[in-house]
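Letter by letter, the chains look like this.
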Amino acid sequence: MNPKSATNNIIPVIVVLSIILLLWYVAAVFMNMAWEKDQYERADNQQYTLVDLVSGTMKQERPVLPAPHQVAQEVYKTTVEKKITSKRSLIYHSGITLSSALLGFGLGTLLGILLAIAIVYNRALNKSFMPWVIASQTIPILAIAPMVIVVLNAIGIQGLLPKAFISMYLSFFPVVVGMVKGLNAPEVSHRDLMKTYNASAAQTFWKLRLPSSLPYLFTSMKIAVAIAMVGAIVAELPTGAVAGLGARLLAGSYYGQTIQIWSALVMASILAALLVMFIGLVGKLVNRRMGLSSHA
Amino acid sequence: MHNATASVIETPAYVLSRLQKMLLYAAFATALFALLLLLMSVVQGYYDGAILLASVILFVANYLCLSTVTIHWRNAVVKGLASTLAALLIYYQLDSNLAENLRLADSVNNTGGGAGFNGTAIAGFWLVVLSAWLTAWLCVEHLSSIETLSRIKNGVLSLVIPLLFGVWLLLLWEFITRGAGVPQVLLPSPSAIAERFSNSIPTLVADFKQTFLKAVLIGYAIGCSAGFIVAVLIDRSPFLQRGLLPIGNLVSALPIVGIAPIMVMWFGFDWPSKAAVVVVMTFFPMLVNTVAGLSAASSMQHDLMKTYASNYWQTLFKMRLPEALPFIFNALKINSTLALIGAIVAEFFGTPIVGMGFRISTEVGRMNVDMVWAEIAVAAVAGSLFYALLSGIERMLTFWHPSMRN
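For the record, the sequence lines run as chains A and B.
Per this note's numbering: the first sequence = residues 175 to 470.
Per this note's numbering: the second sequence = residues 5 to 410.
To be clear, the hints were calculated from the coordinates, so they are not data collected in a lab.
Even for Gly, the Cβ is constructed at its ideal location relative to N, Cα and C.
Warning: the hint list may mix true and false statements.
[Stated by the list, open to error] Selected chain B positions facing chain A (Cβ under 8 Å, derived; list incomplete):
| hint | residue |
| --- | --- |
| 1 | TRP137 |
| 2 | GLY170 |
| 3 | VAL171 |
| 4 | LEU254 |
| 5 | LEU258 |
| 6 | PHE353 |
[What the hints assert, rightly or not] In silico lysine-lysine, BS3-like type, Cα no more than 27 Å apart, as pairs:
| hint | chain 1 | residue 1 | chain 2 | residue 2 |
| --- | --- | --- | --- | --- |
| 7 | B | LYS157 | A | LYS355 |
| 8 | B | LYS25 | B | LYS213 |
| 9 | B | LYS25 | A | LYS369 |
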């Protein structure tokens, strides 16, 4: 949050993360205990010790809650040790989800920026369309994902495009809202100054409005890329488990492969976090280049 | 923005912008061509009364405004009336054509209107639709350039303008899907969705109860209060705060809906698993916002409380929590949407045979797209009402905040 304290935060963050990891292990032991006990009882093995029990809870193939190291091993196994082209490689699946998320995010951002410009320059559009853009944020738009996918499939559009369409649709709204705010950010006195320079509408746009909207753009792009990722994952559900991180989640839930679910989830989280951080970084660099303190 | 600098007198006259002039000419030209085409089809012996009347109305309305170079509210009223009448006539025409089609043809692939039109009539129909839409757009353009100091008039305008836009979106959707005979599986017309809606109210109510009243509301309440309580607890430890805040911020951006399959495994198919997803999704935004809100009070305000010799709890309840309310409501509003999304998506991973997400995924599989749209309409209305309710409460509780005082 506060750039000054960014370096001071490292130690607390590490401490909190280790607490979370510890809690995870404890939870894993307790949640997997019942199955383990059941196994021993079935084997008529009454001599098991607590150590056996605890270590057993960490080694199950389909645990209720896999231990962190199991998830880490699975992620390592399916990313580093598998060939990228393999259907079992998590990188292959991540690539599929990432490409549709990024395509959708790019298109959505572009569309959002264009629409924001239209809204800022047309009063009627501002007054008639903007309330709907804002209202649409209260609607669970993601619910239409399965329908869009299946319907587009039915008319022969398959693969990347339908999923990208969902991501585009989701990432478009935050960008419109942020960009309208950003393009209107210059104060009246700034706009008046441009007028005294006899600047044309295009010049005012390129030299005043667009630069001052950039911090807002990057803030909304961070939201947009996160939501585009969610859109791409959810969009993979209705087509059945074919490919992609969402498909891994669905396949894992069909066959009770909890470790697979968790590793897909961890992978998706890492990707989303990296994307958000990357955009935050670009935003910071752009702001610094323009001599602005970082708003974002 | 070009009109914004003019003075604020009641209903002043503005010069038409270039865009508005072009719209006016386009609306007039399309009405004229439509009229000519329809008259030609009358000569050919094919007669569409309603659509002909619509084109006449549009032609006259736009002709009357053609010589004006300024905007007046009377123009807006003329255009509004003309486009509304035209829309009603087009709708009537579609209905009667559809009825005729059903009488004439018993083929299964008769999915919409439009097949009853022939040759020039079809072109005339689309030109009338286009002209009516352009006229309505002009009406909105005129209405939105009215500047008035009257509060009531402003209120009415800020309601009517978006409403007109929404209604015309629905009308165009209706006219295009039915006029062009778009297959039901691709995109059902709003009237078909409305019909399906009214025919399956018991199902929709059952789904609403299962998903919204059980999963969403319970999960939302638990998640938000848990986030709030944890935020208040860690507020006493700056160390924990510094550690949790960056993590909370990051987690808010992660695709948490992905935990849905895990929750379904842990808590079973019924609503508790969906509520659990909602709990996790709503927890972090609430945590982050409450922590930020609790540090919103300035040091000046803290000093004041100190001079009153108020203890920690007094400061918390009398100053810091009220000060944090805008942040808390922000989280509550974000969470209202997240909760619905979480519950619906979680149902894609397995449910009993009721619920909005379940209905959406199964009806999609059966290609009953109109039912899916009906379900989405329920979700949209529920989501907006929930949001509106929260905004209302926020306005009541944070009336003192600068953002509420304009």
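Structure-based check of each hint:
no.	hint	verdict
1	TRP137	violated, 13 Å
2	GLY170	holds, 6 Å
3	VAL171	violated, 11 Å
4	LEU254	holds, 6 Å
5	LEU258	holds, 4 Å
6	PHE353	holds, 5 Å
7	B:LYS157 - A:LYS355	holds, 25 Å
8	B:LYS25 - B:LYS213	violated, 51 Å
9	B:LYS25 - A:LYS369	holds, 25 Å
Consistency note: the structure conflicts with the earlier hints numbered 1, 3 and 8.
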